[in-house]
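Peer 1: Chains A and B, in that order, give the protein sequences. When you line the first sequence up against this note's numbering, it's residues 20 to 677, in that order. When you line the second sequence up against this note's numbering, it's residues 20 to 677, in that order.
For the record, the hints were derived by calculation from the structure and aren't laboratory data. Take the hints with a grain of salt, since some may be wrong.
Copies of the same chain look alike in the list, so a pair counts if it works inside one copy or between any two.
Claimed, not checked - Computed list of lysine-lysine pairs in PhoX-like fashion (alpha-carbon distance at most 25 Å, straight line):
hint : residue 1 : residue 2
1    : K482      : K424
2    : K587      : K655
3    : K369      : K24
4    : K424      : K624
5    : K446      : K86
6    : K41       : K86
7    : K456      : K661
8    : K587      : K657
9    : K587      : K86
10   : K644      : K655
11   : K655      : K324
12   : K587      : K306
13   : K499      : K456
14   : K644      : K587
Protein chains: 2
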Amino acid sequence: MTDYKTLTGQPFKREDFDSLLKRKVFLWQSFEPYGSVKGLFDYGPPLEGLESEVINIWRDHFIRHEKMMALKCSMLTPHDVLKTSGHVDRFADYMCKDPKNGEILRTDHLIKDVLEARLQSDRAARGLAAAPAEDDAKKKKKKAGAVKAAEKLDESTVAEYEHILATLDDCTGDDMGKLIVQHNIKNPSTGNDVEPPVAVNLMFKTQIGATSQEPAYLRPETAQGQFLSFQKLVEYSDGQMPMASASIGYSFRNELSPRSGLLRVREFLMAEIEHFVDPEGGKAHPKFHTVANVKLPLLSRQIQKSGKTTPEQIAIGEAVNSKMVDNETLGYFLVRIMLFMQKIGIDMNKLRFRQHMENEMAHYASDCWDCELLNSYGWTECVGCADRSAYDLSVHEAATNTNLKVREMLKEPKHITEWVAVLDKKKSGPRFKKDAKAVEAALDMLSQDLKEKLSLDLENEGKIEVDVDQVESGKVELTKDLVTIERQSRTETTREYTPNVIEPSFGIGRILYSLIEHCYWTRENDPARSVLSFPPPVAPIKVLVVPLSRNAAFSQHIAALESALDAKHISYRVDQSGVSIGKRYSRNDELGIPFGVTVDFDTVKDGTVTLRDRDSTRQVRADVKEIVRAIGRMVKGKEVWKDVQARLPVFETGAEEE
Amino acid sequence: MTDYKTLTGQPFKREDFDSLLKRKVFLWQSFEPYGSVKGLFDYGPPLEGLESEVINIWRDHFIRHEKMMALKCSMLTPHDVLKTSGHVDRFADYMCKDPKNGEILRTDHLIKDVLEARLQSDRAARGLAAAPAEDDAKKKKKKAGAVKAAEKLDESTVAEYEHILATLDDCTGDDMGKLIVQHNIKNPSTGNDVEPPVAVNLMFKTQIGATSQEPAYLRPETAQGQFLSFQKLVEYSDGQMPMASASIGYSFRNELSPRSGLLRVREFLMAEIEHFVDPEGGKAHPKFHTVANVKLPLLSRQIQKSGKTTPEQIAIGEAVNSKMVDNETLGYFLVRIMLFMQKIGIDMNKLRFRQHMENEMAHYASDCWDCELLNSYGWTECVGCADRSAYDLSVHEAATNTNLKVREMLKEPKHITEWVAVLDKKKSGPRFKKDAKAVEAALDMLSQDLKEKLSLDLENEGKIEVDVDQVESGKVELTKDLVTIERQSRTETTREYTPNVIEPSFGIGRILYSLIEHCYWTRENDPARSVLSFPPPVAPIKVLVVPLSRNAAFSQHIAALESALDAKHISYRVDQSGVSIGKRYSRNDELGIPFGVTVDFDTVKDGTVTLRDRDSTRQVRADVKEIVRAIGRMVKGKEVWKDVQARLPVFETGAEEE
């Protein structure tokens with residue numbers, strides 16, 4: 020992504036950005052003194068604080084605002100649960116081993132990398148594209164003879180490769196094994212042939228208790244715990260539908276060779292919502308009208324099929340009407356997801372909703388949209404929003420023989436009149452003995468038409484013959500004294516159904532990483548001075564307190580400021596180091612601290628302090644109470660800097676910032 | 020605990036309490052449709068919400084207020100880390116198997132249960148105590164012949180048993196095995212002999228990646244991740260001491276037969292603080308003077324040794340002065356822990372700090388106090404507050420060859436004059452070849468006295484002899500041209516040391532469980548009407564909105580109320596069910612909702628609503644804005660009900676509550 024730009028339109032330099040994250044202790048690979056472990060990260064104070072604020076906003080925006088039922092379910096999960104859900108059999112990646120150096124390659128990545136390289140080389144040969152860029156990885160591949168800078172392919176080969184790439188997600192291991200042989204795909208970094216693909220399950224396996232024979236796993240998603248709590252949710256919500264549960268919790272994926280930093284890790288925080296809805300009535304949402312006019316950047320299946328990648332700005336009401344988005348509930352959540360992203364400070368120019376292609380979705384899903392955020396690694400799936408239909412509840416119900424349905428009182432009772440055949444049990448019992456139940460069941464199963472015909476036969480001939488597989492002769496004779504067949508009326512007042520599930524599923528780590536990139540820029544007058552423009556409500560520390568110097572006269576004023584901030588539960592840092600105020604601000608801009616308060620000699624005279632805005636570096640001056648009040652309002656999102664600057668006296672400073 | 024009482028002094032009935040938790044979906048054993056798993060619990064909306072509020076208060080009370088550095092470290096932990104920390108070898112329980120029925124018993128529990136039963140039976144025989152109560156478990160044991168209701172023991176046997184019980188925690192598996200044979204201890208529920216004790220490690224084992232040969236574990240505590248982040252913490256805090264990190268995260272313990280509900284589970288949330296302090300200067304705490312007068316209920320080692328169990332109320336300043344509590348930092352945290360407990364609603368009459376006996380502490384700990392909460396299971400350790408000395412940093416430093424020390428600028432540079440022996444390397448290299456380094460090291464290691472003596476010898480005789488183990492002869496001769504020994508002066512400006520660690524470690528699940536019990540009581544006029552008196556800041560839902568009826572005239576007023584509550588981010592529930600207002604309030608008292616707002620026909624007339632206090636059932640009446648403002652202040656802890664009742668018009672109601 021060489022054309023990826025920062026917030027202010029500057030080219031994004033990954034080295035500088037990574038160095039900032041390291042310098043300010045945002046994150047690092049876990050267990051560094053022991054050599055670090057790939058795919059596991061520790062969060063330092065700035066990132067832990069950011070996560071905590073983002074989670075609080077998520078809770079408020081979804082759980083509180085939508086009155087969802089928050090759940091916390093166990094991470095340790097017994098085998099049978101994940102067997103039913105399909106994870107034991109299907110939560111796997113296919114791997115190929117390079118037998119000569121032992122390298123393990125993800126099969127789909129291998130095929131994709133090799134075919135894409137060949138296509139790019141073909142485009143270069145046709146003069147349609149530049150030759151592949153010569154970064155280190157490419158050079159290595161070239162050396163191994165896997166990629167030629169420019170080599171033309173047959174038209175039919177190009178079409179075949181494109182078809183393979185488009186359908187790769189649907190391939191089984193065998194399919195991929197055949198492709199590797201057929202297209203002579205080798206390990207690009209060595210040129211060696213690879214062994215046939217082997218499925219490797221990605222769940223972490225363990226065992227609960229000392230004596231259990233069955234394995235257990237660390238859950239790969241929080242969703243299953245929520246489905247298995249379904250009866251509790253129905254109880255808590257008095258069976259009212261729609262209803263939604265939400266879980267914020269960790270899931271695990273035993274990646275074989277993790278890469279891309281925080282974007283693909285082995286242990287990650289998810290926030291998942293399961294919204295249960297009656298499939299009858301088109302999955303309407305009671306609050307849809309409140310968002311119908313909101314426009315979203317939608318990259319529909321149709322646009323993607325036309326080969327374009329630019330989303331259209333479409334009002335969600337229109338998108339649901341035209342059936343581009345399957346239903347109101349899905350549409351409502353897409354809007355809520357976007358509003359959440361906006362609230363935490365995601366750049367709206369780096370957000371889109373991409374619809375899954377038919378072959379991307381699980382077989383049971385009826386529609387799925389990913390909220391993708393653009394970062395320096397490319398467009399990254401950060402929220403999946405899928406309609407999982409009734410799949411999960413149905414499979415767990417079948418596997419456990421429990422009732423995972425909702426029973427609904429019908430508004431209008433349903434009157435039903437139909438033919439009913441009833442055995443006189445006092446007589447049928449002794450007559451049919453062990454077959455009595457089978458006879459009764461066979462009678463029940465008869466169609467309405469047949470029952471009507473048999474009632475006439477019974478009337479006319481005094482007996483009928485009914486097929487019963489379970490008895491030896493395959494049929495039984497029933498006389499008038501054993502059976503009556505007549506039209507009966509009854510009234511149904513309830514209806515039972517399995518709800519469908521709309522599931523918005525948030526990967527918190529990916530969102531946090533994208534957010535930090537989106538907030539990153541450098542001051543124009545000095546590219547070494549970088550800034551993280553976290554919105555005040557999500558910034559991990561809100562205020563930097565900077566006394567002009569260590570002069571003892573400032574102490575009581577610093578103390579007063581501290582207790583005013585403490586009283587409002589606002590987090591702050593006091594920087595009493597010897598360097599200039601400008602340097603101290605600069606250093607803390609990199610932590611994304613939105614506000615700075617200076618205590619100087621005027622403070623000693625009149626009790627006023629200055630308040631500095633990180634992004635504009637503009638300052639106002641007022642007394643401590645007024646300044647802390649303004650900070651409090653901005654931290655809660657009730658005011659923004661522009662409002663404060665408009666109502667408090669502006670303070671013009673000299674060259675302090677330099 | 021038959022004498023355990025509720026908040027209002029009523030006898031506590033566990034069945035009623037458990038039934039409330041079940042009915043209101045607070046928690047349940049995980050994976051119920053699959054038969055549930057012992058020791059794993061799911062939290063429903065009320066408990067998840069309670070936990071979230073308690074965690075927010077914890078963050079504010081500790082992390083923000085004390086300016087701690089929050090960390091989030093990985094749960095998956097490689098083998099080597101936990102080998103160094105001692106968990107691979109020592110995080111184990113000893114188990115005995117009953118070979119006849121396969122039952123597995125924790126060895127220490129087995130010995131304790133049997134010996135205590137014998138002692139109680141002895142006391143009964145002496146008329147000093149009632150015969151053991153005949154609950155179901157006891158009846159079973161009696162049936163198995165393991166306990167006799169009253170059987171006198173020798174004086175010496177009593178003394179021996181008491182000694183064993185007091186030192187049981189120090190026993191190895193072998194020790195316990197001998198005790199079982201020596202004292203003829205059998206499985207009390209069957210009367211069978213048991214097999215010798217076997218150590219079973221309590222960590223969940225798994226594997227990171229597909230090819231790793233080393234096992235990994237789910238961490239048994241969050242502490243190790245914090246110790247391994249030490250260098251990052253020093254970097255972030257610019258090396259200023261004392262400093263503290265804090266982690267809120269999950270830990271795991273593969274209990275063999277979990278019991279006692281939430282008090283002993285396999286997967287649990289901890290909040291752990293590691294406070295790093297310079298061991299020189301007596302571990303003083305800069306804010307100790309702000310808490311010195313706070314009195315705490317301290318059950319010291321001395322009181323326990325005297326056989327008493329009633330704590331003394333002692334000011335922490337006094338306790339530290341008298342060395343009952345080892346140091347100021349430990350004392351400061353004990354106070355902060357108590358204040359936290361008070362804030363979330365723990366009954367101060369059910370809290371005490373119990374000091375560990377010498378034999379209870381880890382070998383490296385210098386003092387340890389548990390904050391214990393009384394609940395219906397007895398006094399329960401909910402926070403451990405230990406001085407771990409420099410143990411953890413030292414062992415990790417040694418195992419990884421990294422520097423886990425703090426370097427401090429000395430206020431006064433230190434001038435050191437001492438004897439120094441220096442080899443002339445140009446000559447000693449060729450002369451001693453591979454042994455040169457060993458010779459140099461041997462010289463360095465000589466004592467000051469010896470160096471002084473050798474300098475004279477060298478002066479007088481032109482050569483000296485020095486012991487060097489590594490050379491064949493065990494010594495080398497050094498001539499004047501090879502070595503000089505003289506007094507040298509140097510100035511040290513820095514000092515390096517390994518900080519000591521004070522670790523307050525909170526078990527969140529145990530605290531939550533105790534909190535719910537502490538808040539539980541039943542209305543005097545109707546024992547079936549139970550109440551959970553959660554303080555407004557921790558209550559999972561803050562407001563119940565109850566329209567008098569479903570009359571359409573109320574809709575717009577309900578909507579106005581909802582948007583006023585939404586604007587203040589206050590969680591609420593609307594109960595439009597058909598039952599009486601009193602019943603609706605009653606039902607929600609069990610969820611601990613502190614406030615109720617009624618919309619009635621007067622609301623339609625003048626826009627006023629009533630506000631009801633859960634605990635007193637008293638009501639006030641005012642307009643929506645005023646009522647929502649009062650709720651907001653009480654939820655933030657800025658006001659309590661008494662204040663609101665004093666300033667808003669009291670509303671007298673009829674028999675609605677009945």
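Peer 1: Under the constraints set out in the numbered hints, which ones does this structure not fulfil?
Peer 2: 1, 4, 5, 7 and 11
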